[in-house]
Each structure stands twice: as C-alpha cells, then as structure tokens.
Amino acid sequence: MKVFIYPTNSLILSDLVERFGHKPLAMMQVIGKKVRTQGLDSPPLNVTPEDPKFGLKYAAVEVPSGVRGRMALFDPLLTQAEAAVVVVDPVLSFGCQGCARTNELVNFLLRGKKIPLLRLDYPKDEEEAKLFVYKISEFLKSLKPEEVKK
Amino acid sequence: MDTINKMIVVKSHKVLPSDVAIKLYESKPDIFVKETCYGVLVTGERDVVENIILDIRKLDPYGIFIKERGFSPGEPFRCRSFRHGGSKPGFHNLQNDDAMLTYIASGLKALDKGEIPVETNKKKKLDIDKFVEIIKGSEVAK
Chain A
565 MKVFIYPTNS
575 LILSDLVERF
585 GHKPLAMMQV
595 IGKKVRTQGL
605 DSPPLNVTPE
615 DPKFGLKYAA
625 VEVPSGVRGR
635 MALFDPLLTQ
645 AEAAVVVVDP
655 VLSFGCQGCA
665 RTNELVNFLL
675 RGKKIPLLRL
685 DYPKDEEEAK
695 LFVYKISEFL
705 KSLKPEEVKK
Chain B
201 MDTINKMIVV
211 KSHKVLPSDV
221 AIKLYESKPD
231 IFVKETCYGV
241 LVTGERDVVE
251 NIILDIRKLD
261 PYGIFIKERG
271 FSPGEPFRCR
281 SFRHGGSKPG
291 FHNLQNDDAM
301 LTYIASGLKA
311 LDKGEIPVET
321 NKKKKLDIDK
331 FVEIIKGSEV
341 AK
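Chains as they are written, first to last, in the numbering used here: chain A, 565 to 714; chain B, 201 to 342.
Just so you know, these hints were derived from the structure itself, not from any lab.
Possibly wrong hints are sitting among the right ones.
Here are the simulated distance ranges between beta carbons [said to hold, decoys possible]: (1) B/279 with A/644: 45 to 55 Å; (2) B/295 with A/585: 42 to 52 Å; (3) B/316 with A/680: 48 to 58 Å; (4) B/246 with A/665: 30 to 40 Å; (5) B/232 with A/624: 37 to 47 Å.
Predicted, not measured: the structure shown is a model, and the values here were computed from it.
Where is the CB? At the ideal position from N, CA and C, for every residue including glycine.
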C-alpha cells in the first residue's frame with residue numbers, strides 16, 4: 565500500500581514504512597523525478613508553467629505562491645495516498661524549513677480523504693520510541709500489504 | 201532507465217559507513233557509491249539499488265536506516281564544494297532525525313522481542329490559572 569508520510573522527508577518514517585512492507589510516499593521521490601527529468605530550462609527544480617496549475621487545485625490564486633508551489637509538489641503524493649502516518653507538529657517543519665499554512669492544508673486534506681490515518685508525536689525518550697515503533701508497526705500490519713512484483 | 205538515489209544512514213556500533221561502501225562495491229559494479237560522514241549515498245538503476253539495500257540492511261537491521269534522496273551525489277546545486285561550504289540543504293533535517301535513531305533502534309529491538317509497550321500518561325500542559333498564581337507569587341510581580 566502507498567503510505568503518505570508527514571513530515572514528507574522524514575528518514576525515520578520513510579525507513580519504517582519500507583521496513584514494514586509498504587511504499588512510502590515521500591517528497592524526495594517528487595523532487596528526484598523533477599531534477600532527473602532532462603530537457604527543462606529552469607534548474608535546479610525544473611518548475612514548469614504546468615506546475616502552478618496543480619497548486620491551484622488546492623489553493624486560490626491569491627494564496628501565497630509558496631503554498632501553491634508546495635502544493636504542486638504535494639499533489640502526486642496526496643492523490644496516490646492510500647494511508648498516512650502523520651507526526652503531529654514536528655519542530656522541524658516550523659519556521660524557515662517549512663510552511664505552516666501548507667502543513668495545515670496538507671493535514672486538512674489528509675483528514676478529508678477518509679483514508680486510514682495514524683497520528684503520533686516524535687519520541688523524546690526510549691520508552692516513547694518503543695511505543696512509537698509499536699504503533700506504526702501495528703498500523704502498517706493492519707493495512708493490505710503492497711503487491712509483490714512478479 | 202529509471203535511476204534512483206538512496207541515502208543510507210549508518211548509526212551503528214558495529215558497522216561503519218566504509219563497511220557499507222565496501223559491501224556495495226562488492227555487490228554490483230554498475231552503481232555509484234559515495235561515502236559520507238553519516239553513511240553512504242548510492243545511485244543506480246531502481247531495481248538494482250532496491251535489491252542491494254535489502255542486503256545492506258541485514259548488516260545491522262537496527263543501525264542502518266535508508267531513505268530515498270532526490271538529488272544525486274555531487275549535484276552542483278546541492279554539493280557543498282560547488283556552493284563554497286556551509287551545511288548541506290537537508291542537513292538540519294538529517295541532524296534532527298539522527299538524534300532519534302538510537303531510540304528508534306531500541307524500539308525496533310523491543311518489537312522484535314515481542315515487547316508490548318504500555319502507554320504512559322502524558323505530561324499535561326500547565327494550567328493557565330496555576331500559571332497566573334506562579335506569576336503572582338514570583339518576586340518580579342511583587
């Protein structure tokens with residue numbers, strides 16, 4: 565199953581989802597696809613005039629371009645998501661590394677999608693980490709396993 | 201050809217990034233490997249890389265963490281040698297995750313042992329009335 569992770573570039577969530585037999589939907593895949601696509605003229609991210617249109621699906625034109633730009637990248641992940649593991653208010657996604665409005669919008673859209681959703685906090689000690697890993701494993705086990713390629 | 205970049209983060213007491221790099225070189229010649237301070241970056245064809253990392257994870261299942269990476273190693277827009285030093289974009293995220301990896305490793309070990317952790321009561325946030333009392337009782341307020 566394709567599992568959306570939030571924060572979308574989290575090493576821990578991406579690793580755990582893959583470890584428990586599902587496909588993580590992470591921002592790195594979208595970025596990777598963009599930077600590896602050849603023949604475009606606006607490196608490094610190769611943003612094309614088509615991209616803002618994907619952002620406009622989620623936010624109106626008067627919404628800051630940063631939100632729309634980010635949503636253009638989130639679009640393929642959100643549309644493919646069949647389940648989601650969300651860390652609530654991760655510190656790193658606040659401030660210059662993130663965009664609070666985009667994060668709110670993504671979480672709102674995830675809740676609206678009616679897909680299996682697991683919300684938890686990042687662990688601060690060993691006991692919390694045990695619970696964190698246990699909850700994620702139980703959640704992922706309850707999902708239909710990803711089809712094995714033949 | 202569908203290429204993929206994988207970031208292998210090594211946080212282990214028995215495996216070094218150099219061990220992982222050597223193992224990667226041994227396994228397949230047609231991949232690009234870059235050893236870094238936190239682990240190894242691998243670039244290659246999707247199927248080849250995805251199969252190799254399954255073996256790499258077995259070196260230390262609790263000490264090796266893997267995620268996909270958008271940019272290839274040495275990409276001029278990301279590589280510090282082209283950007284005249286400074287931290288790599290993504291460094292702070294990696295640093296943040298790296299601090300938790302030992303906890304996650306112990307969580308994975310506990311899971312493999314079959315431990316079922318008990319949810320402890322969360323610390324409640326400070327009540328506003330109690331906070332007002334503390335302020336009133338402080339020397340500054342007097």
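Range first: 30 to 40 Å. Now tell me if the beta carbons of residue 246 of chain B and residue 665 of chain A are that far apart. holds, 34 Å
Satisfaction of the hinted span 45 to 55 Å by the C-beta atoms belonging to residue 279 of chain B and residue 644 of chain A: violated, 30 Å
Is 37 to 47 Å right for how far apart the beta carbons of residue 232 of chain B and residue 624 of chain A are? holds, 43 Å
Distance restraint evaluation - residue 295 of chain B, residue 585 of chain A, Cβ atoms, bounds 42 to 52 Å: Given a distance of about 28 Å, which is not inside 42 to 52 Å, the answer is violated.
Look at the Cβ atoms of residue 316 of chain B and residue 680 of chain A and judge whether their distance stays inside 48 to 58 Å. violated, 21 Å
In this structure, the earlier hints numbered 1, 2, 3 are contradicted, and the remaining ones agree with it.
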